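Peer 1: With chain A fixed as given, assemble chain B onto it according to the hints.
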Amino acid sequence: MPDSNAPAEALRHRFLTLEILRYNPQEAGSLPRLQSYRIEEADGMTLFIALNEIRTRQDPTLQFDFVCRAGICGSCAMMVNGRPRLACRTLTLDYPDHITLTPLPFFELIGDLSVNTGKWMRGMSERLATWLHGREETVDVTRIEERMEPEVAEAIYEMDRCVECGCCVAACGTAQMREDFVGAVGFGKIARFRLDPRDTRTDDDFYEVIGDDRGVFGCMSLLACHDVCPKNLPLQTQIAFLRRKMAMVG
Amino acid sequence: MHDRILITQAGLAERTRKSRWPARLDLLQSATGLLLALFLCGHLFFDSSILIGKDAMWVVSKFYEGYFFFGKAHPWLVSLVAGLLFVVFMAHALLALRKFPVNYRQYRTIRAHVRAMRHGDTRLWLWQVYSGFLLFFFGAAHLYQMAFWPQLIGPHASSDRIWSDALWPFYLILLTVAVLHAAIGLYRLALKWGWPRFSRPVLKFLRGTLFAFFLTLGLLALAQYMWIGLLHSDHYGERYTPSWAAPETQTAQGETP
Chain A
40 MPDSNAPAEA LRHRFLTLEI LRYNPQEAGS LPRLQSYRIE EADGMTLFIA
90 LNEIRTRQDP TLQFDFVCRA GICGSCAMMV NGRPRLACRT LTLDYPDHIT
140 LTPLPFFELI GDLSVNTGKW MRGMSERLAT WLHGREETVD VTRIEERMEP
190 EVAEAIYEMD RCVECGCCVA ACGTAQMRED FVGAVGFGKI ARFRLDPRDT
240 RTDDDFYEVI GDDRGVFGCM SLLACHDVCP KNLPLQTQIA FLRRKMAMVG
Chain B
24 MHDRILITQA GLAERTRKSR WPARLDLLQS ATGLLLALFL CGHLFFDSSI
74 LIGKDAMWVV SKFYEGYFFF GKAHPWLVSL VAGLLFVVFM AHALLALRKF
124 PVNYRQYRTI RAHVRAMRHG DTRLWLWQVY SGFLLFFFGA AHLYQMAFWP
174 QLIGPHASSD RIWSDALWPF YLILLTVAVL HAAIGLYRLA LKWGWPRFSR
224 PVLKFLRGTL FAFFLTLGLL ALAQYMWIGL LHSDHYGERY TPSWAAPETQ
274 TAQGETP
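If you read the protein sequences in the order shown, they are chains A and B.
For the first sequence, our numbering begins at 40 and goes up steadily by one.
For the second sequence, our numbering begins at 24 and goes up steadily by one.
A portion of the hints provided could be inaccurate.
[Unchecked claim] Listed next, the in silico DSS-like pairs over lysine-lysine satisfying Cα-Cα at most 27 Å (straight line):
#1 A/Lys270 x A/Lys158
#2 A/Lys270 x B/Lys227
#3 A/Lys284 x B/Lys122
#4 B/Lys122 x B/Lys227
#5 A/Lys284 x B/Lys227
#6 B/Lys41 x A/Lys158
#7 A/Lys284 x B/Lys95
#8 A/Lys270 x A/Lys284
#9 B/Lys95 x B/Lys41
#10 B/Lys95 x B/Lys77
Keep in mind that the hints were calculated from the coordinates and are not lab data.
From a predicted model like this one, the values you see are computed outputs, not experimental measurements.
Pulled out of the complex, with its shape left as it was, chain A reads as follows (with noise of 0.2 Å):
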């Protein structure tokens, strides 16, 4: 039987208070302060639909990153109410009526909600040589592919599915104290091309760029990585995995 009290109940919204960090490094004299802003929550509202209307009607000068608005591009990660998530993912409605919003730490800020994580992303690719490392030196596109086994293809798909949101980075108990840590970034990237048949590293080679304290040895398994990957990906047992592996290199 229809409720006669739904459109009643559908109207009847909260107002949400948002408080944001704001704070301009490029601005000379500009302190980080908390700035709060009240709006209406709508029906289905996510929080880059909330900053968007911010920004629409209250303050033009705040800052956030967006591109895909479906949790596919990984660029509207913050922190809200001290984790990391992915604005475009975030129901509003699953949070009470006060809710934070903080950069994600350890990025480079560009400023108030928005942090380069290209940056990093970049630099961390470099340093790991995530790419795959075949036995020719050019590719030639016109021969067929090399067969691969379709649970292998799958596996190595689960693991390129990482968006580089850098929630994860973020979560990172050991990143936030020692800031040349690889991150579980680079180790789902390093177990992602391990399991790739075209690429001819060996796990001497992986030791070289992840067997330390900076890699997979100073990782602490707080697993907040894991707890926190919008993608779900299976962070906790790869990390396990490489940490073997490197140790028998050792």
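Peer 2: Same frame as chain A, now just chain B:
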């Protein structure tokens, strides 16, 4: 070796083949931790033999002094084990120190991170740091005492030490901190190496069960030693020997047979 030192001094260590030591040290930290945690479990079982009776505790203490093998108690055997454990303990402490926050900035960062994130396992790690720090002092003092005064282990000797020598607050803190550190440590060890392959909820349950069981066992045993110590306080220093045992073990305090 000389080349390596000069290359490292020149700041070029990262340009050479990576050292295998980080892997060995990581393994060693885990292995020493596992050994100490397992020893603690066994130790608490032996301690709690007092809950069965004075005779049971006497048998256990004399067993480790080799009484049933040599027909004579040799407390130096306990000293030897305590000494070896001290080495393992120091190795573990040294290796674990690498993970500690080493300056105020790091400590402030991790503390704020723990408070803001409200993530259970991250908070647990900080507890492990605190408990590990306390163990530097309490664990070391206990091992030192056992290494140098091994003859002071027995139903009455231990009870006198705990009650009349007023060491029960020391043991209360040591017990709580050691069991907490070991329970969290074993849990994190399983996560770290991915073995045993239990799910995280199962491992969390085991962690809680281990902590509750060994803490309860230890507290009961401590209470029993305190009770015996209280009743025995008028005869402080007198040793306990079961009526069926040889009288050669009946000696005054400090006089090792």
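Peer 1: Now tell me, hint by hint, if it's right for this structure.
Peer 2: Verification of the supplied hints:
The hinted pair formed by A/Lys270 and A/Lys158 meets the criterion: a straight-line CA distance of about 21 Å does not exceed 27 Å. The straight-line distance between the Cα atoms of A/Lys270 and B/Lys227 is roughly 24 Å, inside the 27 Å bound, and the hint therefore holds. Our distance criterion of 27 Å between C-alpha atoms is met by A/Lys284 and B/Lys122, whose separation comes to about 21 Å. Restraint check: the Cα-Cα separation between B/Lys122 and B/Lys227 comes to about 22 Å, which is no more than 27 Å; the hinted pair holds.
Restraint check: the Cα-Cα separation between A/Lys284 and B/Lys227 comes to about 25 Å, which is no more than 27 Å; the hinted pair holds. For the proposed pair B/Lys41 and A/Lys158, the alpha carbon gap of about 26 Å is at most 27 Å, so the pair holds. Between A/Lys284 and B/Lys95, the direct Cα distance comes to roughly 49 Å. Violation of the 27 Å bound is thereby established for this hinted pair. Among the hinted pairs, A/Lys270 with A/Lys284 is consistent with the structure: their alpha-carbon atoms are about 25 Å apart, no more than 27 Å.
Note on B/Lys95 and B/Lys41: the hinted pairing is violated, with a Cα-Cα distance of about 53 Å set against a maximum of 27 Å. About 19 Å separates the Cα atoms of B/Lys95 and B/Lys77, which keeps this hinted pair within 27 Å; it holds.
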